[in-house]
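Colleague: Spelled out, the chains give:
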Amino acid sequence: MRRRAFLQRALCVAAGVGIRPHGAQSAGIAYAPVVAGTTLQFPRDHGAHPQHRIEWWYLTGWLDRGSTAAAPRCGFQVTFFRVRTPLADGSSRFTPTQLLFAHAAVSDPRVGRILHDERAARSGFGLAQAAIGDTDAHIRDWRLRREPSGAYRATIQARDFALQLDAVPTQTLLLQGREGFSRKGPLQEHASYYYSVPQLRVSGAIIVRGRREAVGGSAWLDHEWSSALMPPQAAGWDWLGLNLDDGGAIMAFRMRSADAAAPAVWSDARIRHANGQFAQPDRSALAFTPERHWTSPRGARYPVQTRIALGTQTLHLRPLFDAQELTSQSMGAAYWEGAVTAYSGDGPGATRLGRGYWELTGYGKPQRL
Amino acid sequence: MIAPLAAQLDALALAPLRARARRSILAVLAIAAGVALGLAVNLVNDAALTEMQQALRTVSGTADLRIEGASRTIDEALYGQMGQWREVEAIAPVIELNAALARRQEPLKIMGIDPLASARLTPQLMLPRDAQGSNPLSLLDGTRVAVSPALQAWLQQHRPPATMLTLSLPGGNRDLHIAGVLSGIEGSRQLAVIDIAAAQELFGLQGQLTRLDLRLAPGTDRAALLRALAVQLPPGVRAVAPEVHEQQAANLSRAYRVNLTMLAMIALFSGSLLVFSTQMLSVAERAAELAFLRVIGVTARGSVGLMLFEAVLLGTAGAVLGAVLGYALAWSALHVIGGDLGAGYFEGTRPVLTFAPRATLLFMLLGAGAAIIGAWVPALAAARAAPAQALKTGTLHDGAGTGPPPLIGAALLLGGALLAFAPAVRGIPVLGYLSIASLLIGTILLTPAMVAALFRMGAACASLRPGTPATLQLAITRLANVPAQAGISLAAVLAAAALAVAMAIMVVSFRNSVENWLEQMLPAPYYLRQTSALSTRTPGHFDARVQAVIRGTPGVTRAEFVRTETLTLDPARPAVALIIRTSTAADDAGTRLPLVKQYPATADGLPRVWISESFADLYRSRIAPSTGDGGTFELPLPLNPNGLAVQRVRVAGVWRDYARQHGAIVIRGADFARLTGDARLQEAALWLGDNATAAAVLRGLKTRLPDLPALEITETTAVRARSLGIFDRTFTVTYALEAVAVVIGLAGMAAAFMGLIVARKKEFGMLRHLGLTQRELRRMVTLEGAALAALGALLGMVLGVMLAAVLVYVINPQSFGWSMDFHIPVLQLAIFAAALIVAATASSWLTARHVLDTQDLVRAVREDW
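Chains as they are written, first to last, in this note's numbering: chain H, 1 to 369; chain B, 1001 to 1865.
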């Protein structure tokens, strides 16, 4: 599942151009539905699905610069997001039928706060596009592309930093939900097509504050598309994508109810062990328990340190640092998107299980969709 | 120390000033008028320019570079191409046009933008997020519009409840929902922003853009990039730095501003002359007092200082008053006439007056300086006087009786005449103005000599003719023998009269020329056009079929067609107009233009064009000269819908154009159609049959051309009246300045005259002793005044004609690039001269009565003996 803050932004855009946020139909055009039992086909499904309302490619990971005290590990995020507006094609090539947003961030402990930048464009003129057939999304010189070798290449030239990363798969891709059909709520219609590529091996370079450094590391790629994702009663979501040190991978999410005291609207998790064996924890066994909150300068209170019970196993998430809130100018949304480490317990003797990204949306002011 | 010093000051400088308060007040007022006018002109112009620049920045934002069409729109494919350039950090496509609103005369500026791309370049055009859920992307669906606060206010007033904006488009009206207000756009700017796709579709501009706004990557060498772009951009597309547009706006009004400032400077000069006469008379009156100061130990230098100190007091008072008046004047001008002082350069803006410390200080210093310069000669005269003699006789014998050597005046006149032939300096006729100043000062310096010569002749005539009244003889003889005094009182009135005459001749010449020009440019009684929704594109085109239908409509006896395109030949200059004209008779467009030069036809087969005077002036270096004709140049002809075809053309003539200051080119419709394949034209000049009415013809046209619903017929007389109305409005300020100059001049003359009479009371006493009656004395003084005024008016006329020649033949062509026919409004000038003489005579008579009746002349003789 991709609980992207971008989703919320997308829905804002949708609202802006007249889409009702819930329901796959709108006055202008018919969006393609997400149907259970559909078999995803690759590489075709790596590419864009312009008939679906929303879609994203989301690459997150931890980068290693030798990992001394002087150059600690840092986190990064590169997301390309596509929105199909309800507008029919017009006679102008500028008719905004497809919009693209991109967001990039670096969490460097030496900086102490997240560095982020964004781009937005309507598709067209060779300046912004999400290609059909294989992953290749770009807005001008920002690009995320899947090479013929299967490696992902991200190129980002942001205001305060730059990324030039190659992420090579070391494992087969991981279909989420039921063979890639990922439910998001109690009703069947709230669902997406969703797969991940965990344990990507990263190499490349980053430039932070004018200093270029060669990096290695590991990353996680999500690709998800849908036309009706979020159940109306949901206020936001918490999501985790974790590369385990032993080669395994864990994805877990919950859709939170608008009523903070009420149980989650929906939650799900999927575990793949290093040997390729899957474990599907019972949904009733899933529990997200905040352990420590951080209040952002905007006033949003995020459970940056959370305990996630997955039935057989419990993850204790600790952020790389607290100040990993992103604010998006173009969409006016804010969310917490941070590099976290998962431990087996919360004491000093706990073992590290893995590293990943933890996303918290819908905190602070209630989201207006 | 302070109290005694103040007392000393009071005794030496202030008290005498108070005593001559009336004259001093006039001098102060004259200085104040000059300062006020100069300051006001500059304040108003600055305010207008600031507003204009803000307006430009509102629409171009923080772009480093713009890419735009030299003549019209650019191909949208350039957006994709330029967006790939490494040097381009951000790029935004823009459509900017003027659209017609339903039921509204003035067009509205519409910006079509991509909110996603423009967010970084023109944030002030982004719709803010608000509680109603509007956000920058609300415009994307193409049915919504964001409006500036001023437009919102207009809509609330005229289209309540202001939830819709109704565009008038060729296909009918179209409602757009108002999604929100662009609070970042300040001031009076009316503007609406829509999505760029909607702009293309609403206005039929698919595939086209007005421009691209570019932000360059840090460290990019913009100059180098501009050079690279100049080579790589397709023909007809140019890259410009946004400040070029601001510069153009400034240049546009610069000549106008300089002209008005110069007029204000001349008012200041009159003030200076008034200070001169005030101080000169003061020196005469206070000869005994000044001599006494000298005797008790004040040095010559000290007495100069004292006199100059008085001048500084006068100048400062004038400067302060002038500054206050200047701001008041500027404020009212901005509210009543507008930021362009009626010239029409800044339409649609409402400038705000701000405090300008530098300009204020400059004009105040100029005012004080004028007073000091005016006082310089009198101060020196006072210092030169021999104290003992002055103390005894109460007069100065410093040779002031004959005045300055006439040689200096003659040299200045000659120099002024020569300067008139000098070229402009950076587009401003500086040397032309210097010529005017030289002529003016030269004439004033020559005045005493002329007065002497003239009245000596008069005296000789009068003495030869028996029966000449004694009073007249006395008056003439007196004037003949103290020409310097006469010159002093004449100077101000002469300067004012000359300037008024010069301006009158110039304005009348201009107005006549404009009237003739309008007649030649708009020969037909009616004009037919389609009401245009746009200014960037011209949807009102008449193609060949429509042209034939118009010609064949009953009631139409003759129809000619015109179309205007804009072309950019030089990116640093505003676009020039390309006028495409048909003509039925002999098909020679040139014959119908107000030509100032015509060249014989050559057989080289090049298309012939007729260029306007300002074009000939501005683009002289581009025209390859050839003997016997106007030369050739390369003309980029606009192709439909965009692109250019460069064609060498031959200049067949030069015509006068008052409408397009940046240059215009006329080409025949047949030539244009042959070269571009585009036979469409825009406007039809119609001649109707005797029995046809415009309304009937319009009905016939609409029936025959159902696809052109927005046809409109204009009566030419209305257009002419409107044009002349604008012209008169432009010169309202000039008239006001003239009136002020004349009134100051007259007041100055009266003041000087009064001073002279007071100074001459011993002389009058003597004449009384010799048997002249009070009435005869009064007549004598009045005659003197009348003779002086007549001379002043005469000299003013002569000088005024000379100055007018400089204005018409030098200043105007150099400032604005247009010529005009010299036209002297004889009747008006005669009336003006008569009025001047009557006014001066009346004031002499009043002065004479006032002084002669209040002073004890008989006893005055006894004084100082």
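Each hint should be verified, as a subset may be incorrect.
Said to hold, decoys possible - Chain B residues, not near chain H, derived (Cβ > 10 angstroms throughout):
(1) Thr1050
(2) Gly1080
(3) Gln1084
(4) Ala1119
(5) Val1181
(6) Gln1206
(7) Gln1232
(8) Leu1365
(9) Arg1511
(10) Asp1570
(11) Ala1694
(12) Ser1815
Stated by the list, open to error - Distance ranges between label pairs, derived from CB positions:
(13) Val1646/B - Thr155/H: 33 to 43 angstroms
(14) Gly150/H - Gln1084/B: 34 to 44 angstroms
(15) Ala1217/B - Pro109/H: 56 to 66 angstroms
(16) Gln1084/B - Arg209/H: 21 to 31 angstroms
(17) Thr155/H - Asn1098/B: 36 to 46 angstroms
(18) Asp1221/B - Ala71/H: 42 to 52 angstroms
(19) Ser91/H - Gly1552/B: 30 to 40 angstroms
(20) Arg1104/B - Arg209/H: 50 to 60 angstroms
Derived by calculation from the structure, the hints in this document are not laboratory data.
Note that the structure is a prediction, hence the values are computed from the model and not measured.
Cβ atoms here follow ideal geometry from the backbone N, Cα and C, with glycine treated the same way.
Colleague: Out of the numbered hints, which ones does the structure contradict?
Modeller: 2, 3, 4, 6, 14, 15, 18
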